[in-house]
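Visitor: Sequence:
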Amino acid sequence: MPMLKTALIILFAILFFLSLTALLLYRRQVRGLAQQLKDLEPGSNQRLTCSVRDRNILSLCRLVNTYIDSQQKLVLQAREAEEKLKYTIASVSHDIRTPLTGASGYMQMAEKTEDPDKRKEYCRIVRGRLKDLEQLLDQLFLYTKLTSQEISLQMELVSLFPLVCEVLTGFYGKFQEQNREPSLDFQEEAIQIQGDSSQLKRVLGNLVSNSLSYGLGTLFIFQKGNTLTFSNKVKDPGSIDPDQMFVRFYRGDPSRNASKSSHAGLGLSIARELTQAMGGKIEARLHEDILEIVLTFQGISR
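Going by our numbering, the letters in the sequence shown line up with residues 1 to 302, in that order.
Hint data in this document are derived by calculation from the structure and do not stem from the laboratory. Worth double-checking, as some hints may not be accurate.
[Stated by the list, open to error] DEER-style ranges, computed between Cβ atoms: (1) N226 <-> Q178: 15 to 21 Å; (2) N226 <-> K174: 26 to 32 Å; (3) L58 <-> V294: 32 to 38 Å; (4) L184 <-> A90: 20 to 26 Å; (5) D138 <-> R285: 36 to 42 Å; (6) R97 <-> K233: 28 to 34 Å; (7) G238 <-> C50: 50 to 56 Å; (8) I10 <-> T49: 32 to 38 Å; (9) V247 <-> Q154: 23 to 29 Å; (10) T227 <-> L48: 38 to 44 Å; (11) H287 <-> G170: 24 to 30 Å.
Quantities reported herein were computed from a predicted structural model and do not represent experimental measurements. We treat Cβ as the ideally placed atom computed from N, Cα and C, and that holds for glycine.
Start from the sequences, fold in the hints, and give me the full structure.
Guide: See below:
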């Protein structure tokens with residue numbers, strides 16, 4: 001009996017010692033975690049480490065590290081958004097300033113000249129520059145509505161061939177000025193697609209305008225199945241990155257400036273946003289000096 005009591009006392013002593021040791025280790029680990037959190041700097045890649053191999057402590061470490069990871073992602077996203085905002089402001093400022101500067105210069109020349117024909121020509125140029133500015137502001141307003149999902153679409157079956165012809169007719173004068181012409185090749189002139197007709201016209205118009213501003217020679221427009229391809233030669237293919245063409249304010253070609261199109265960096269971005277909003281897809285391909293922009297539509301009807 002005395003031996004049993006002695007054994008029990010020893011056992012309880014061992015259990016007490018182990019429990020006390022575990023408690024001290026827990027407290028030490030908790031203090032260590034608290035110190036690690038205190039020393040953690042914002043944006044640091046450092047994460048919490050655990051020396052106690054306990055399931056609860058390890059679970060706590062993982063949860064805290066997951067939270068730190070999510071916060072770091074938010075910080076990085078905020079920095080990226082800030083950089084994009086700075087870039088956007090700089091691009092918009094440049095695009096607005098250029099036509100205004102040009103208009104101001106020609107207005108001064110119109111005020112100084114005594115030749116009525118020159119004054120008339122200067123005023124015509126001023127009106128053109130102000131028209132460029134108006135178009136830029138319209139594009140900015142539309143892009144803002146698109147990215148904030150404030151635009152509503154009236155989806156319906158739209159006959160594609162007459163819509164393309166209507167858009168091209170609106171650019172007849174500019175094709176004549178450049179001594180260029182479009183070439184239409186529709187495998188199915190009766191084809192219909194699901195879309196908003198007014199926004200489809202804007203998409204097609206932006207693609208035609210892009211070709212007139214930066215393309216060379218004939219603009220080929222080819223329809224096959226549910227795809228519509230715009231194809232033309234480009235002057236400097238080495239400066240074009242097809243993967244970046246639909247990024248807002250992208251200007252791969254150094255010759256892309258406001259004198260040619262004050263909203264050059266938004267037209268393709270708007271075309272992409274509208275196409276995707278209507279359930280379609282748009283992509284750019286470059287084959288040597290031939291640039292292709294391919295529209296893929298949904299819900300076709302023959």
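Visitor: Now, for every hint given, state plainly whether the structure supports it.
Guide: Against the structure, the hints come out as follows:
1. N226 <-> Q178: 15 to 21 Å: 31 Å Cβ-Cβ, so the 15 to 21 Å window is violated.
2. N226 <-> K174: 26 to 32 Å: With Cβ atoms ~29 Å apart, the hint holds.
3. L58 <-> V294: 32 to 38 Å: Cβ of L58 to Cβ of V294: about 51 Å, so the range 32 to 38 Å is violated.
4. L184 <-> A90: 20 to 26 Å: violated (39 Å)
5. D138 <-> R285: 36 to 42 Å: Hint violated: Cβ distance 29 Å, outside 36 to 42 Å.
6. R97 <-> K233: 28 to 34 Å: Cβ of R97 to Cβ of K233: about 31 Å, so the range 28 to 34 Å holds.
7. G238 <-> C50: 50 to 56 Å: At 54 Å between Cβs, range holds.
8. I10 <-> T49: 32 to 38 Å: 36 Å Cβ-Cβ, so the 32 to 38 Å window holds.
9. V247 <-> Q154: 23 to 29 Å: holds (28 Å)
10. T227 <-> L48: 38 to 44 Å: Given range 38 to 44 Å: violated, Cβ gap about 52 Å.
11. H287 <-> G170: 24 to 30 Å: holds (28 Å)
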